[in-house]
Amino acid sequence: AQSVAQPEDQVNVAEGNPLTVKCTYSVSGNPYLFWYVQYPNRGLQFLLKYITGDNLVKGSYGFEAEFNKSQTSFHLKKPSALVSDSALYFCAVRDPEGDAGNNRKLIWGLGTSLAVNP
Amino acid sequence: DAEITQSPRHKITETGRQVTLACHQTWNHNNMFWYRQDLGHGLRLIHYSYGVQDTNKGEVSDGYSVSRSNTEDLPLTLESAASSQTSVYFCASSRTGLNTGELFFGEGSRLTVL
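Sequence lines, in order, name chains B and R. At position 30 of the first sequence the residue is numbered 30 (our numbering), and the sequence of numbers has no breaks. Take the position in the second sequence, starting the count at 1, then add 118; the result is the number in our numbering.
Read the hints as simulated data drawn from the structure, not as lab findings. In this text the structure is predicted, and so the values were computed from the model without any measurement. C-beta: ideal position from N, C-alpha, C; glycine also. Warning: the hint list may mix true and false statements.
Stated by the list, open to error - Reference excerpt, derived from the structure (chain R facing chain B, CB under 10 Å, subset only): (1) Gln155; (2) Gly160; (3) Arg162; (4) Tyr166; (5) Gly176; (6) Tyr182; (7) Ala210; (8) Gly219; (9) Leu221; (10) Phe223.
What the hints assert, rightly or not - Taking lysine to aspartate or glutamate pairs in the EDC-like style, the calculated list, with each CA pair at most 20 Å apart, reads: (11) B/Lys105 with R/Glu132; (12) B/Lys69 with B/Asp54; (13) B/Lys49 with R/Asp172; (14) B/Lys105 with R/Glu177; (15) B/Lys105 with R/Glu220; (16) B/Lys77 with B/Glu66; (17) B/Lys49 with B/Glu64; (18) B/Lys105 with R/Asp180; (19) B/Lys58 with R/Glu220; (20) R/Lys175 with B/Asp95.
Given only the sequences and the hints, what does the whole structure look like? Please build it.
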């Protein structure tokens, strides 16, 4: 069955240090991968996506993610964390065996809470 | 600017009552989705629509219904509210095509069923 795993419920990092939020997936076919961020009491916001091409994709707020097909991973990274990056982060994959056409639903991870300490 | 709005943002109701959560988007997106977010469960898809008059059940659709009479709106109705439906509900929309995974979310509606 298709699935997305975020193995860490919480990640703590000091401000200024690099951060990594992990995501692994299990889908058939070529996955489309996404990262979203949710600030407290807000809706989710799109950060970045991998569809095809360069394995390193850059997104909003200085975040980037690396697609690794052999490890079936799509880890979110940032070279220098900010306190304002503290939020809940969701990884998602588009199900390639979903509905017909281009309207395929997302499979979501359970989220990772990132805390950046001053 | 285009946006997606949900109302009400907070609602308290009693078991057995019918509740409708509104979702309105001005992106002119064909795809619209309703999710619920609960601790330990992440986001779970309730219903979704790929266009006017199209509605589909998600993974947790029991006790919920939607209708799509125009592009802009996808109201979510709880026919007879239950305490298990206490949750935060998010509406989202997206374009068709390869950008389908780029969802635009509303700010959420927090529902408490007593």
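For each hint, the structure was consulted:
1. Gln155: holds, 9 Å
2. Gly160: holds, 4 Å
3. Arg162: Hint on R/Arg162: holds, closest Cβ of chain B at ~8 Å, below 10 Å.
4. Tyr166: Constraint on R/Tyr166 satisfied, holds at 7 Å.
5. Gly176: Where the cut-off is 10 Å and the nearest Cβ of chain B is about 8 Å from R/Gly176, the hint holds.
6. Tyr182: violated, 16 Å
7. Ala210: Where the cut-off is 10 Å and the nearest Cβ of chain B is about 8 Å from R/Ala210, the hint holds.
8. Gly219: holds, 5 Å
9. Leu221: With a minimum Cβ separation of about 7 Å from chain B (threshold 10 Å), the hint on R/Leu221 holds.
10. Phe223: Hint holds; R/Phe223 Cβ to chain B Cβ min 3 Å, cut 10 Å.
11. B/Lys105 with R/Glu132: violated, 32 Å
12. B/Lys69 with B/Asp54: Between B/Lys69 and B/Asp54 the Cα gap is close to 12 Å, so the pair holds against 20 Å.
13. B/Lys49 with R/Asp172: With Cα atoms ~27 Å apart, B/Lys49 and R/Asp172 exceed 20 Å; violated.
14. B/Lys105 with R/Glu177: Holds - the C-alpha atoms of R/Glu177 and B/Lys105 are around 11 Å apart, at most 20 Å.
15. B/Lys105 with R/Glu220: holds, 11 Å
16. B/Lys77 with B/Glu66: Since the Cα atoms of B/Lys77 and B/Glu66 sit roughly 8 Å apart, the hinted pair holds (cutoff 20 Å).
17. B/Lys49 with B/Glu64: holds, 9 Å
18. B/Lys105 with R/Asp180: Roughly 19 Å separates the two Cα atoms, so the pair holds.
19. B/Lys58 with R/Glu220: holds, 15 Å
20. R/Lys175 with B/Asp95: Within the cut-off at roughly 16 Å; holds.
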